[in-house]
Amino acid sequence: MIYFNLLLIIVIGGAVSLFEVPGLLQPEKRGELIAFSCFLLIGMALAVAMTLRLPVPNPTSGIEFVFNPVTKLIFPGR
Amino acid sequence: MSLERGMISSRQVMFLVTNMIFATEIQFVPALLTMYAGQDAWVVVLIVTIVGFLFGVPIISLGLRFPGKTPVEYGMDLLGKWGGRALGIFLGLFFFYVAAVAVRELADHLVIAVMPQTPLVVFIALYVFAIAYGVYLGLEVFARVSEILYPVFLGTLMLGTIFLIPSLNLNLLKPVLTHSPLELLRGSLTLLAFYGEGLAILFLIPCMRRPEQAPGLNMKITLLLNIPLLVMVVMEVAMFGAMETSRILFPSFELVKMISVAGFFERMESFLLAFWVTTVCLKVALLYYTAMISFARSLNLRDYRPLVWPGAVSLTALAVLVFSDVTQAREFLARSWPLFGLSVEGGVPILLYSLALLRKKGVSWRGRQKK
Amino acid sequence: MKRALKSMSVVKRLCLVLAIILLPNICAGCWDRVELEQLAYVTVVGIDRDGPDGVLVTFQCVIPRMLARGQSGGGGGAAPVKPYTNYSVKARNVSDAVRLFEIKQPHKALFKTSTVIIIGEDLARKGVIPSLDFFTRKPALRRSVWVMVAEGKAADILLKGDPSPEIIPANNIRTAFQRRQDVTLTSSVDFGQLLSKLERPGVDPFMPEIKLAPKLSGGTAGQGETSTQDQQKDVKEGEKQVLEIVDFGVLKLGKLVSFLDITESRGLLWLQGKTNSGTITVPARGASWASLLVSSKRVKITPVISQDGFLFNIDIRIEGYVSSVQNEAVDPTKPEDLGRLEEEGEKAILQDVMAAVKKSQEVRSDFLGLGEKIYETDPDLWKEIGEAWRDEWLPNVQVDISVNCKLKRTGLAAGPVQPIP
Chain G
1 MIYFNLLLII VIGGAVSLFE VPGLLQPEKR GELIAFSCFL LIGMALAVAM
51 TLRLPVPNPT SGIEFVFNPV TKLIFPGR
Chain E
1 MSLERGMISS RQVMFLVTNM IFATEIQFVP ALLTMYAGQD AWVVVLIVTI
51 VGFLFGVPII SLGLRFPGKT PVEYGMDLLG KWGGRALGIF LGLFFFYVAA
101 VAVRELADHL VIAVMPQTPL VVFIALYVFA IAYGVYLGLE VFARVSEILY
151 PVFLGTLMLG TIFLIPSLNL NLLKPVLTHS PLELLRGSLT LLAFYGEGLA
201 ILFLIPCMRR PEQAPGLNMK ITLLLNIPLL VMVVMEVAMF GAMETSRILF
251 PSFELVKMIS VAGFFERMES FLLAFWVTTV CLKVALLYYT AMISFARSLN
301 LRDYRPLVWP GAVSLTALAV LVFSDVTQAR EFLARSWPLF GLSVEGGVPI
351 LLYSLALLRK KGVSWRGRQK K
Chain C
1 MKRALKSMSV VKRLCLVLAI ILLPNICAGC WDRVELEQLA YVTVVGIDRD
51 GPDGVLVTFQ CVIPRMLARG QSGGGGGAAP VKPYTNYSVK ARNVSDAVRL
101 FEIKQPHKAL FKTSTVIIIG EDLARKGVIP SLDFFTRKPA LRRSVWVMVA
151 EGKAADILLK GDPSPEIIPA NNIRTAFQRR QDVTLTSSVD FGQLLSKLER
201 PGVDPFMPEI KLAPKLSGGT AGQGETSTQD QQKDVKEGEK QVLEIVDFGV
251 LKLGKLVSFL DITESRGLLW LQGKTNSGTI TVPARGASWA SLLVSSKRVK
301 ITPVISQDGF LFNIDIRIEG YVSSVQNEAV DPTKPEDLGR LEEEGEKAIL
351 QDVMAAVKKS QEVRSDFLGL GEKIYETDPD LWKEIGEAWR DEWLPNVQVD
401 ISVNCKLKRT GLAAGPVQPI P
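Chains as they are written, first to last, in the UniProt record's numbering: chain G, 1 to 78; chain E, 1 to 371; chain C, 1 to 421.
None of these hints come from the bench; they were simulated from the model.
The structure displayed is predicted, hence computed values, not measured ones.
Errors might be hidden in some of the hints.
Simulated pairs of lysine-lysine, DSS-like, Cα-Cα distance not exceeding 25 Å [said to hold, decoys possible]:
no., chain 1, residue 1, chain 2, residue 2
1, C, K274, E, K174
2, C, K138, C, K108
3, E, K69, G, K29
4, G, K29, E, K81
5, C, K300, C, K406
6, G, K29, C, K12
7, E, K360, E, K81
8, E, K174, C, K297
9, E, K174, C, K300
10, C, K252, E, K174
11, C, K90, C, K126
12, C, K160, C, K90
13, C, K383, E, K174
Please construct the entire structure, taking both the sequences and the accompanying hints into account.
The following block contains the structure:
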């Protein structure tokens, strides 16, 4: 099942590239191409990591941790 | 030069922003408000109506000070090139995160209340696909959709709730005003954090066909938001009681389930759900669009479109990742989100506005009219 | 459109084709599909106590196939096949029972069709909250489902209850309920109301009571015996029993403490302001009776808090009309006779309400919601006395009841029938 999911992610990544990249292959659109590649890489990396059940940090826990001192003051735990 | 050629009317801005705030607010806020302020939840809504109206004033005048420019661009004017870029990336990440939270909330709702056996990621992926398609087509597209759908949604909801009036027990609203100011403040902060998502209006003002109509918008949006919310909160408390409302995960959904007219006009919740799916879709579209514009401007791109599809992959992953379970979602929305949300939604416009005033950048709307 | 297609790149066209191929696949199926044939349509759930910590849950399900057969062949006179079945499951809790139920028979339990949850007396005395928790979490169940408390075991009611003249017991319950609500014998309590009362300070919930009664005495009013037409037939099938929904069971802090009798139930209904064309029969002049058909217009309970304790001013306004006078000497068109009938009606209602208040003080359950009124007017005081309200304060509260009955019409006739010598 994991392999099927990985395949699905790669297919989606490939489809997105096929759809977008041909229009970006002009010299004046180099910036766009770099940004596009970075975004796609980040997204794919995240999706692959989650499929493989690697420990990806949960952003919400991070925010909760940062705000915890103030949260405790205004919203004491129930 | 604006990134987005699309020009939208002030009414479209009004519906876009109202729809964005209302879509998730109506799902969670009644439960959170009754958790903090019990049967006095409606007082909190009244407080926030006034505070929210005032909250909108600096945001809109900030947007009007720099005609045709997005916050990232005048952020660069005010904070320097790199400061502005950092601000743009930060705003982008914030809106991206809020978009992921909104997608996840709706998907959770669908899984919990409607289709318990469908995997969460399927809902999220299909949903994000539709959203990304809408954003790819441009602001004008989903602005028009929300102009058509939102009034229908609101009208149906209000019309449906009329049938509940006979079964309400208004005694459940008593005793009035027994909660301490601190408890009311907690409720107000929670509600304001949802309200503050309206910050996205800063990205819409430069696309308005007639920016001179913007000043009245905060008033219209506040009323359009808070009157229905007030009705829903009062009805939920009068129907279930304050304790029970705070215990139910989606009180508005339960409320609509109660509609039954003469034994045949019932099961309205499917309508509500259909509208929810569309309004949250429009909400996320606006947030996602805002995030993409922020990123594109900060990275100095001419067009935001190349970012839309790869961003959608990240959005799907982030939406799955963002909460580990419903308990965390509820805990986050009830406790951390008000502070986190408000510090960004309040902090950014206040910072920019005070800098603009101090460094005398931009021309105030009134000043420009005099010329 | 043609131009648009031409201007599309090959890649875009490929994507479009791919989308067209893929999208119908999404439409075709999903994880939560349900096949109508594979569902068990649960209409009534009965929950009983089983041992110290177990439950006996009875699911009554309709069999749609049988239902269709029953209707077509119903008039023939041949014994119709029961279009419903009961499954009783012993389990640790309701959720566990649903799982065992789905093991016992092949279908998936569907609760969307449930009308009533019946709680057995034993379990109710132990506490209703634990077994109801499942239903607050179940998405398919709505809060408008009715809850009732059974006298005896809920399973007996489902197994032995005779659904006639309907063919499904749930329908029988529904019809009977609506009917009895109309004539002020009982009132429905739905699940949402029960929960909100449980979680409200100073009020205890009540639930309508359902019990089995022998078929011969079909009457529910207690004041008279009515006999059904087909007595003969019923004597043969002696074990069949009719479902009777009348009176209330009252809870105290989530536990059943007592059943009310007919007078107390009436009193409770008057105070709820929920009566709708209830018949009260009052003594008229001489040794005769007059009947009044009345409904409550307004109920107001105001607490007076003083040093000595609590006094509740209960003000009830009733409106109605004369439905029968048995004495030619009483003429409802005469103001003084009508006034006398009104007075008698007021007296009867007062007695009902007093009985309900007495019962409430006796069993120390605040099902009339008197404490709620104190909580509403003086929440600070409630914080102090709330804990001890039911056991220490409630038995000693004073009530001052004033009933105002207004008879507006006299039915289709004016005066009584007068024989002329």
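Hints, verified against the model:
A threshold of 25 Å between alpha carbons decides the hint, and for K274(C) with K174(E) the separation of about 20 Å falls inside it, so the pair holds. As the CA atoms of K138(C) and K108(C) are separated by approximately 14 Å, the hinted pair is consistent with the 25 Å bound. Our distance criterion of 25 Å between C-alpha atoms is met by K69(E) and K29(G), whose separation comes to about 22 Å. Distance check on the hinted pair: K29(G) and K81(E) sit about 21 Å apart at the alpha-carbon level, within 25 Å; holds.
A distance of roughly 16 Å separates the Cα atoms of K300(C) and K406(C); the hinted pair therefore holds under the 25 Å criterion. Proposed proximity of K29(G) and K12(C) is supported: the alpha carbons are some 19 Å apart, at most 25 Å. The suggested pairing of K360(E) with K81(E) holds, with an alpha-carbon distance near 18 Å, which does not exceed 25 Å. Distance hint between K174(E) and K297(C) is fulfilled; the C-alpha atoms sit about 22 Å from each other, no more than 25 Å.
Pair hint K174(E) plus K300(C) holds up; C-alpha atoms about 15 Å apart against a cutoff of 25 Å. For the hint linking K252(C) to K174(E), the alpha-carbon distance of about 22 Å falls within 25 Å, and the restraint holds. Among the hinted pairs, K90(C) with K126(C) is consistent with the structure: their alpha-carbon atoms are about 17 Å apart, no more than 25 Å. With a C-alpha separation of about 19 Å, the suggested pair K160(C) and K90(C) falls inside the 25 Å cut-off, and the hint holds.
At most 25 Å may separate the alpha-carbon atoms for a hinted pair to count; K383(C) and K174(E) meet this at roughly 15 Å.
Of the hints listed earlier, there is not a single one the structure fails to meet.
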